[in-house]
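All chains, full assembly: derive it from the sequences and hints.
Residues per chain are reported as follows:
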Amino acid sequence: MRYFEYFEPKSVGEACQFLNEHEEAKILGGGVSLVVLLKNGLITPSHLVNIKTIPGLARIEWDDREGLTIGGLNHHRDILLSPLIQRHCPILAEAASKIATPPIRNLGTIGGNVAHAEPSADFPPALIALNASLMLTSPGRERKVPIEEFFTDYYENILGQGEILTRIDVPPLPPRSAGTYIKLDKITNSIAIVGVASVIGFDEKGICIYAGVGLGGVASTPLNVKGAKDILVGEKITETHIDKIAKEAQAMANPITNVHASAEYRKEMVYVLTRRALQGSLDKALGR
Amino acid sequence: MDYQYIGKSIPKVDSAQKATGTAQYINDLSFPNMLWGKVLRSIYPHAEIVHIDKSKAERLPGVKAIITAQDIPDGLYGPFIKDEPVLARGKVRYIGEPVAAVAAIDRETAEEAIQLVEVEYDELPSVFDPLEAMKSDAPLIHEDLSSYFCIFPAVQEGNVCSRTTFVEGDIQQGFKEAGLIVEETFRTHMQHQSYMEPSGAIALIDPSGKIIIHSSTQGIFITQSRVSESLKIPMSKIRVIAPNVGGGFGGKIETNVQPICVALAQKTGLPIKVVLTREEEFTAGRPRHPTTIWGKLGLKKDGTFVAKEMINIFDTGAYSDDGPGVTGFGSLMARGPYRIPNLKIVGNCVYTNKVKSGAFRGFGNPQTGFASESLIDMAAKELNMDPLDLRLKNALVPGDHSVGKQTIHSVGIMECLKKAAEALEWKQKKGKCRGRGIAAVNHISGLLTVSAFVRINEDGTISLHVGTMDIGQGSDTILTQIVAEELGVPLEDINLISRDTDAAPYTWATSASRLTYTGGNAVRLATIDAREQLLELASKQLDENKDDLMIQNKKIFVKWDPEKGLTFHQLGAISCWVKGGPIVGKSSFMVETPPFDRSGFSGFPFGTMTGYIFAAQAVEVEVDVETGKVKMIQCASAHDVGHAIHPQNVEGQIEGGFVQGLGYALTEEIVFDGGKVINPSFADYKIPMAMDIPPITPIIVEAYDETGPYGAKGLGEPGLVGVAPAIANAIYDAIGVRIKDLPITPEKVLDAIKGKKVTIPWTDIWKKNF
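Read top to bottom, the protein sequences are chains A and B.
Heads up, the first sequence stops at 288 in the numbering used here, and the numbers go up one at a time, no gaps.
Heads up, the second sequence stops at 770 in the numbering used here, and the numbers go up one at a time, no gaps.
Be aware that one or more of the hints could be misleading.
Claimed, not checked - In silico EDC-like cross-links for lysine to aspartate or glutamate, where the CA-CA straight-line distance does not exceed 20 Å:
(1) B:Lys756 <-> A:Glu264
(2) B:Lys748 <-> A:Glu21
(3) A:Lys39 <-> B:Glu279
(4) B:Lys237 <-> B:Glu626
(5) A:Lys267 <-> B:Glu626
Keep in mind that the hints were calculated from the coordinates and are not lab data.
Note that the coordinates shown come from a computational prediction; the quantities given were computed from them, not determined experimentally.
Take a look at the structure:
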């Protein structure tokens, strides 16, 4: 039977300590992933550690040099409505708007969305395109890792015993930049069959100085299309560049077949969506 | 004619309860000492049960009873063919079939207990494709088929549990006269009703030994009779009460957990609740039949339909359930609302080792309609005709005949087609990758029986006793409006008593789009009967001629002397205490006329049907040719309802039906790996949500039907039927590719764009002479 103990830590330190001491404990944030796993008997934790009552985990702050700091406990709705996010990286709001429905957006947290390591999740491709880093906190220690290094396999990540994803840092983008997240879904906002995020930044002459492309739903983890940077930075972007990146993205994809789509279809769509995402960012950045 | 209540969109009688959340559903009910029941289900698609060991489960604290087939009577049940046991007896025939059931102190204990029941199986060869199941060497799923009791003369062969054939004219001659013949094979898939409330029941035994079942059902009397026949309990010992029902769409006509619930209550003597999980709904519910359909349509060069042949293979799964009816009715509707003089339609209802399919909004019509309405557009293309014009050229007009040669007088199909097309500006230029499509629908709304009593209470208020189930579609409101109209009383004076077999007279289920037409007729006649008795009594009391009396504001008085009269209150009191006896108006309504000419029928499992209803759905789509995604731009759905008794409710039904059709067409599908459902949750089975719903223009067409109450006919089902073919036709119009198998997924569209051929296996079946 599904019995578990319930624990409400007062601080991150206390939470980490507790998790360190209880191997079978799970973190309860928004609960949108956890409760589904729990109800279906896919996990049987010994303890649930409710981190929602810990102060300071749900903040969104901006610093001109450091960029955005987003606490792991921010709900998708917070991301969607935050003026700071709207101003500095609206692609995150766009990704948030494509997650499920308002009730779920009111519950789910960005930290949970990332830490669950669902390869089709909507925030990771956008965060990859933004070159975001994650702050992982454990007893007496903090480490900052680039987001794409966080994911290791389907629903697997590098979080160690007693470690909590507390914060997401997004470095500032060039002033003339834009991002686009698009996803192919069966019904509006259902799980991404393929999700592609792109962010492009330009200097005053229209030369690309920043590029990032992230993919979701097409491999065991979200993917970073690293070639985007090499291909675009220093260039005036043309169709040819876009096509080249889309092909590279497609080559990286290693999707599976499931009830939502076949592997072949997903692979084909990576190309189509990458092109569209890049074109979308280009149009936005150049005010077209 | 001027009506006081008919044709008015008054607030629905149950809307306050529903809106405030006070309406009670099965899961809201509980009783002292109530136990939870849980069903152990087969994990094999076809296997002999060698041994069941209950001992471990019995030792679990909190477990009160465990039953298997050995512990209950050996009754078999089903609406058409009595082929299904309550718990698997000897062998299992699908993954999900009930094998044993547990009663325990709570849900968790019951869930744990069933996992401790050990079942030893010996697997048998299984068959999942109905075309394979029809081969002579296929594993036989019901060896005893010929010994089962059938309520109709079923034509059976191997795994075909029912074959229905309709022949009219001379099919060979018809095709000889055709200047164009189009022929194609289509496939449709399994859709779940996805009602918000999963199926469930509570059974208890009262001190007298009577069994009381609280049943989430579309038919209290059907629950009563299935429990009776399966557990061999006289109907007089069974009382069925229904709480509010959170949707049904056909899936809750027949029983699901009710007999199991009763068997557990009998064993323990305590109240038992069983409510399905969503996963159980998907794996052991009663979804829409998948089909493979071959169709051939012959036309003259001018577009006149001359001949049509269709072979419909309905995959009914492990038990026949409503399959023979669905197959027969779907095949009856396969001609469509058109004149076609030469016809041969064969429907095969075939057992496979999958979850049993059953009744679902449309009842076979969405499947055959998809094939039929696709064929018409294929022909239009060959003839270079507008698909709308081709339909209008062949559409039925008043005085034309049904299959089975009934004369149909109320026929609004032309107006439906024209108005639906008009709403989309059919002839206007379209944007890039955009296309428009239309489909015509015929259906029925008069079937079987409804009875009703209308009593005048002592205080002059009214009690309407009728066994109909309002499962959200609005029949309680419609029937109350009818009583109010006939007696001229306000709605709040009417006490509608239904949902209880001990309080309501017999009624067949909420199904076949029938409650407005069939139920409305019964209630209207019962009310008129009560009214006449009231007038009779007033005439005697006032010593005035009945014809000189009139009714207004709950009072009967002399037409030219309003002072001389009696109130309903006075008349109610007089009838109950002084004279004449309590007033009870009654009606037992049965759809008997017009009869079918059955000379061309074989194996059709119904008596007569009437109350023909018509509809047309038109859509405009935009196809993303790179992703294959179909975007709905605008839609119109026009329905001939005879006379809209509650226009707002009619519009709601039209929109709801359309959306369910949209899911059927584009995204919903129960997917199998062999006999196992691999997407038994809403995470993986996708119904349209608010964001997916395009603008829908509901259009009410009123071709007055003299046989219906106030000219009204039904509506519930056709709203769904034409959506999928209209979308398929619109896709063809947009990008020139035809999708022949549902659902229309982006992947299939993209494959079609690339010219990938869709092959339907084992086409030899189409050459067989049925």
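Evaluation of the provided hints:
1. B:Lys756 <-> A:Glu264: holds (14 Å)
2. B:Lys748 <-> A:Glu21: violated (52 Å)
3. A:Lys39 <-> B:Glu279: Answer holds: A:Lys39 to B:Glu279 is near 12 Å, not above 20 Å.
4. B:Lys237 <-> B:Glu626: Not satisfied, since the Cα-Cα distance of roughly 63 Å exceeds 20 Å.
5. A:Lys267 <-> B:Glu626: holds (13 Å)
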